[in-house]
Amino acid sequence: MAALVWFATGVALWHFTVFVPDRFWAGIVGAFLGAVVGSMASGAAAHIASGRGIGDTDILTVLVAIPGALIGMGIVYLIGLRTEEEQPA
Amino acid sequence: MTGRRRNLFVLLFVVGLTVASIVVILSQPTKLGLDLRGGTSLVYQGQPTPQQPEVDAEAIDRAIEIIRQRVDTLGVAEPEINRVGTDQIDVGLPDIQDIDRAVEVIGTTAQMHFYDWEPNVIPQDPNDPNATEQGFNREFDAVKFASKQKPECFRNLCTTNGPTYYLFDRDSLELLTEPSQEKSDLFLDFPRERQPKNSVVVAVPQGTRVVEEPPQDDPATEQDESTGPPEYFVIRDRPELSGTDITSPEQNSDPTTNQPNVTFDFTDEGRESFERITSRIAQRAAGEAPPGVTTAAQAEPLSDSFAIVLDDVVQSRPIINFVENPNGIDGRTGAQISGSFTISEAQDLAETLRIGALPIELKLISQSTVSATLGQEALDQGLTAGIVGLVIVTLFLLAYYRFLGFVAALGLAVYALFFFALIKLIPITLTLPGIAGLILTIGVAADSNIVIFERIKEEVRAGRSMASAISAGYRKGIATIIDANVITLIAAFILFVLATAGVKGFAFTLGVGTIVSLFTAVVFTQAVLGTLGRTAFVRSPRFLGAGTSEQRVRWHFDFTGMSKWFFSVSGAIIAIGAIAFATLQFNLGIDFESGTRIKAALAQDASVEDVRTTLSDAGISGAGSASIQDVDDPTFGDNVVQVEGEIAPAEVGKAQAALEQQYGIERDDDGFQNQSIGPSFGEQVATNAVRALILSLLVIAIYVAIRFQPKYAVPVLIALVHDVLITAGVYSLSEREVTSATVAAFLTILGYSMYDTVIVFDRIRENEPRLPRATFSQIVNRSMSEVFTRSIITGLSTVFLLAVLLIFGGETLQDFAFAMMVGVASGFYSSIFIASPVLTAWKEREPQYRARRAHLEETMGYVPAFPEENVVARVDEPGAPERPEPEPEPEPAAPAAAQPQPPPTPAPAAPAAPSGDGEDGAPGDGAPERPAEPLVGAEAGGDDAERRRAAKRNKRRQRQRRRKHGRHR
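Residue numbers (the working numbering), protein chains in the order written: chain H, 1 to 89; chain D, 1 to 969.
Simulated from the structure, these hints should not be mistaken for lab results. Take every hint as true, because none was put in to throw you off.
No more than 20 Å apart at the CA atoms, straight line, and that leaves these computed lysine to aspartate or glutamate pairs for EDC-like: (1) D:564 with H:22; (2) D:564 with D:844; (3) D:711 with H:22; (4) D:183 with D:139; (5) D:144 with D:169; (6) D:197 with H:56; (7) D:144 with D:171; (8) D:31 with D:78; (9) D:654 with D:345.
One side only, chain H facing chain D, incomplete, derived with CB under 10 Å: (10) 4; (11) 5; (12) 10; (13) 16; (14) 29; (15) 32; (16) 55; (17) 57.
Simulated restraints on C-beta separations: (18) D:699 with H:83: 31 to 37 Å; (19) D:569 with H:49: 32 to 38 Å; (20) H:21 with D:807: 46 to 52 Å; (21) D:515 with H:55: 39 to 45 Å.
All values reported here derive from a predicted model rather than from experimental measurement. Here a beta-carbon is modelled for each residue, glycine too, at the ideal position from N, C-alpha and C.
Please construct the entire structure, taking both the sequences and the accompanying hints into account.
Put into structure tokens, the structure is as follows:
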């Protein structure tokens, strides 16, 4: 259940990347991957650290996935920027 | 064959099939599932035995054959016994009265062994002379004692091929589940198949066996002692004979006590063994007896016995009186099993022994009973929903498409006839989920017509003749319909392979219906229209609901430009869903959580506490914690109670008997309905659902990647994720129960969502080569404006059907309808506002589209929403229009070297001003050609001769492009 929460949080945040210039690595799909992988990773890390079971979820389960999603999308964005700089269109 | 002849041939063929279908419908019975006719479904999981260490397909098939013979002895007409997955058997018993008896007869392994009792009983106290008659009072004590024995297998006679594991509650020391040869099998009944907390596993080594001896009636006292506690004995596992050594078992009566018993004969080998054993027992007792024992009465207490053990229970332990039978018992007279049997029990045991032992052990993991009354009610509701749905969709199509709607209605009627005939002919067992699938295929059939009719209307508006428009409409629509229907078929197939039995019916019906609808919607309606297309009365576009080009609905909405706002709405909805998942989670039904739901129409009024007490007194383990409530269901009865809790499937019969005895059940047993799911079955449902979901996504993504481009597959998947999350979020927020029907609906949503997305993508794919100067967002806007009407009409048709299901369908159909309603709405939305914008954002990164965008920005200063608004001429050229806002900039420089040049501007015969209302559809046979992209080009302001030359060049290039890219993909 927690995994579903993290996944949904990542996907929800990804929807707002349309307001950011599309310089993500692999574009909007890269941003999707970054958001999902980031939210799952930070959610899982926080959950494991708290020692809770996978079915034990509350509002914190949502909140802990947010930084991961943002970081994930940020990394994909930085990779995209660097790629653009290296290979100017 | 000419077109007209082919059409006539198709029509004659359809008329022939229609007559045949009517004959089949009138002559063949409809095979109804248990949920519609009433009955009991038992799902067993096969487990290995020493004789069959692996549950393979052959063992399951043999077990099914034995079960079939056993069910025949119950007198059940038309039982359905099927293998489910690799190790399960689903036994469907229509109109069964005594469920408890059925469970007992079907599930008994019936492994029978004969033991020489006295030398094999391991005494608790070796010094106790009466030790062989003193068993343990608690099973745990016996098992604990047995666990201390050394493993052995005397002359390879032992009945196990390893230790036997027992699982006890650490506090109460009650046995928690049946013993097993595999330690892991002990936990199948528990969540995540793990050892429950506060439990202890005890292993009894090979060569030692714990058997239960029920209290026996003592014929001397003529008192019923069968209700006392059983005793447990630990014996050496050295059987002398087995069930394979006996023949002709039959129920009889003991001549002395007149009690029912089971008599049997021996095989030749068995007879010799029996004589040898009984002789040995008699001689051993005689040797141990004190001198002077000469009468049978004197010998009785001193004689030894042999035990007949059936599935760990001592059925009978006759004494071999050494005075009466000093040389043993002649096996030619057979033997008997006498116990505290009723006649029915003795008959069942005799039949079970006659049929033989099951090769594997069967564990009851799910049991559900549907009352025939409620089944009939569900059938009526389903049929009503189907008929009303068909009528509403027909009326809608007639109102919107007029004559084309009439043809579609004709197609739907033929579809309904063919489909119903197929259901009877195959035969397909019609279940409630199957009816849901049937009703949904009406939507699929209607949509196939809608896709084609919209194409025909486009062609008519483009100025084609009716015959030409029909021909072109079908030719262009067929690829779209096949793509979309293949996706529905893939979803149905995966559902059929992976889902549980009930949902299989839904998937099968959906699959067959989709294939039939392809035939009726494409072949049949084309023949009808092709035949009538040249007649005078279908020549008016207005008669076809096409109107004139000025009257048609024109969608001129910047779909991609506005997508960020739609994305925001979706993001917010999914965020709310995520919070709901975390805080409310899901209201999972017993399909997933396991447990039992009983609905009983009691003859007498009873309070909730009365019912609880009755169940507790009957020894139902989960009665104390069960949720019991009065239910208002006048169709079922006046005093309806519903019990929901952790009651094992095997205890349902006991619960029914207790309620029957205490309060009576209306209409005999028909006032009792239950669903009982073991934990392993519930987990299997959930696991299969997730597998089906992932596999569907993968297979459909591969299909889309092959049929379109790999880049088209990813937005399809993202849109699906969007739909599933939104539908799941609605379920979580509304706290509606999630059942296996919901899972089926979820998977169908995937099919529907992709169906919708494929139709949009198909038009994008078609428009890509036709708009060689447009940016991808313009192509998408143009494509969506062309298919938006179709999406709305299809969405409305489906929503009408689902609304009918919600209103007229029973509980299960309403489950489907709710999930589908949310999913269809989400699928319609995501195909337009999520999948297409994601595809746009991704494709716009491709160099060619970047170049086109850059070119437009340079020449116009902005990128219009639609390709019709593009102005590609230089402003200083004669005849060029005024540049729209922003103010024109100086002539742009050539695109950067790294960017590919935009394709050469085709010289058009185009209007001299930007058009906001360009022509739709591709030119086709016999229709006036039109420019692929209305342009205002350098040649636009030239003289007439130059314009004609440019138009010719343009036509030639378009023909070349069509040849290269395929004309009507």
